[in-house]
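One-letter residues, chain by chain:
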Amino acid sequence: KAGVTQTPRYLIKTRGQQVTLSCSPISGHRSVSWYQQTPGQGLQFLFEYFSETQRNKGNFPGRFSGRQFSNSRSEMNVSTLELGDSALYLCASSLNSDNEQFFGPGTRLTVL
Amino acid sequence: AQTVTQSQPEMSVQEAETVTLSCTYDTSESDYYLFWYKQPPSRQMILVIRQEAYKQQNATENRFSVNFQKAAKSFSLKISDSQLGDAAMYFCAYRSAKGAQKLVFGQGTRLTINP
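Chains as they are written, first to last, in my numbering: chain A, 1035 to 1146; chain B, 60 to 174.
This is chain A alone, in the form it adopts within the complex:
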């Protein structure tokens, strides 16, 4: 079975731009979660989608949004990028709420 895939792997943007990151979960997995990893704040939960519905949201500003499609693929969007948004964005999928999460390789976003 293929693992969680994330595209693109690396991205460079400038302040004020917006960005869309994509995550394809393991086949059959319906839950997709997103995390932001930075040296200063560590790993922080952004949001979780299950069957196209946002089920939980972390403490991030409204510039961070996401969605999930009927095939369980998920996208997250960050608008009006700030320097502090530079981070590794990790996506994780799980079969359902009781199962462990499997992580993708991440998207490294650099904001200049």
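Honestly, the hints are just simulated from the structure, not real lab data.
Accuracy of the hints is not assured; some may be wrong.
[What the hints assert, rightly or not] Restraint-style ranges between C-beta atoms, simulated for each label pair:
(1) Phe123(B) with Ser1104(A): 46 to 52 Å
(2) Thr1039(A) with Pro99(B): 14 to 20 Å
(3) Thr171(B) with Arg1142(A): 19 to 25 Å
(4) Leu1146(A) with Asn121(B): 42 to 48 Å
(5) Ser1056(A) with Gln128(B): 25 to 31 Å
(6) Thr1041(A) with Ala156(B): 31 to 37 Å
(7) Ser1061(A) with Gln128(B): 36 to 42 Å
[As the list claims (entries may be wrong)] From the structure, some residues in chain A lie toward chain B, with a derived Cβ separation under 10 Å:
(8) Ser1065
(9) Val1066
(10) Ser1067
(11) Gly1076
(12) Phe1079
(13) Phe1081
(14) Glu1082
(15) Phe1084
(16) Asn1090
(17) Glu1134
(18) Gly1140
(19) Leu1143
[Claimed, not checked] Some chain A residues flagged as far from chain B (calculated, every beta-carbon gap over 12 Å):
(20) Val1038
(21) Arg1089
(22) Glu1116
(23) Ser1128
Heads up, the beta-carbon is just placed ideally off N, CA and C, and yes, glycines get one too.
Put chain B on the given structure of chain A with help from the hints.
Positioned in the frame of chain A, the structure of chain B alone reads:
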């Protein structure tokens, strides 16, 4: 809100020896899960071991085992017969059993294996 604390930013161990990574957490919930994840330099996060809070028996996975002390809210990871491939960042994580897939992570411990 739940918090997870890893008090050892860095640890090192000689190859083939045993090392223990510490983790404490704070929660008012009685039902939850605890995890140790490994993040090698390639950045792919890998699940090492999982513990359900309702289980008194400590989880083991080959060379990896945990010491789960629920009353003390402590969850340490023991790696036996350390191998060079064990070198990585190790994250302790908490998840409520109430259904949402939200992991709360500690700050991580960087483990170095000396040959």
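Now for the hints, and whether the structure bears them out:
1. Our hint of 46 to 52 Å for Phe123(B) and Ser1104(A) is violated, since their Cβ atoms are close to 38 Å apart.
2. Range check, Thr1039(A) to Pro99(B): about 18 Å between beta-carbon atoms, so the 14 to 20 Å window is met.
3. A hinted range of 19 to 25 Å holds for the C-beta pair Thr171(B) and Arg1142(A), which are about 23 Å apart.
4. Here the CB-CB span from Leu1146(A) to Asn121(B) is close to 44 Å, well matched to the stated 42 to 48 Å.
5. Checked against the given bound of 25 to 31 Å, the beta carbons of Ser1056(A) and Gln128(B), roughly 41 Å apart, lie outside it.
6. The hinted window of 31 to 37 Å between Thr1041(A) and Ala156(B) holds, with their beta carbons roughly 33 Å apart.
7. Distance hint check for Ser1061(A) and Gln128(B): the Cβ-Cβ separation is about 38 Å, which falls inside the suggested range of 36 to 42 Å.
8. Because the beta carbon of Ser1065(A) sits about 5 Å from the nearest beta carbon in chain B, less than 10 Å, this interface hint is met.
9. Interface hint status for Val1066(A): upheld, as the beta-carbon distance to the closest one in chain B is roughly 9 Å, under 10 Å.
10. With its C-beta approaching chain B no nearer than about 5 Å, Ser1067(A) sits inside the 10 Å limit, and its interface hint holds.
11. Proximity of Gly1076(A) to chain B holds as hinted, the smallest CB-CB distance being about 5 Å (cut-off 10 Å).
12. Contact between Phe1079(A) and chain B, as hinted, is supported at the beta carbon level, the nearest pair being about 5 Å apart and thus within 10 Å.
13. Nearest Cβ of chain B to the Cβ of Phe1081(A): about 9 Å, under the 10 Å cut. The hint holds.
14. About 5 Å separates the beta-carbon of Glu1082(A) from the nearest beta-carbon of chain B, less than 10 Å, and the hint is met.
15. Proximity of Phe1084(A) to chain B holds as hinted, the smallest CB-CB distance being about 8 Å (cut-off 10 Å).
16. Annotation: interface hint on Asn1090(A) holds; nearest CB of chain B at approximately 4 Å, less than 10 Å.
17. With its C-beta approaching chain B no nearer than about 5 Å, Glu1134(A) sits inside the 10 Å limit, and its interface hint holds.
18. Interface restraint check: Gly1140(A) against chain B, minimum CB-CB distance 5 Å, threshold 10 Å, status holds.
19. Look at Leu1143(A): its Cβ only gets to about 13 Å from chain B, farther than 10 Å, so that hint breaks.
20. Distance check for Val1038(A) against chain B: the nearest CB is about 9 Å away, which does not clear 12 Å, and the non-interface claim fails.
21. The claim that Arg1089(A) lies off the interface is violated: its Cβ sits roughly 6 Å from the closest Cβ of chain B, which falls inside the 12 Å cut-off.
22. Every CB of chain B lies more than 12 Å from the CB of Glu1116(A), the least distance being 22 Å, so the non-interface label holds.
23. The Cβ of Ser1128(A) sits about 6 Å from the closest Cβ of chain B, inside the 12 Å cut-off, so the non-interface label is violated.
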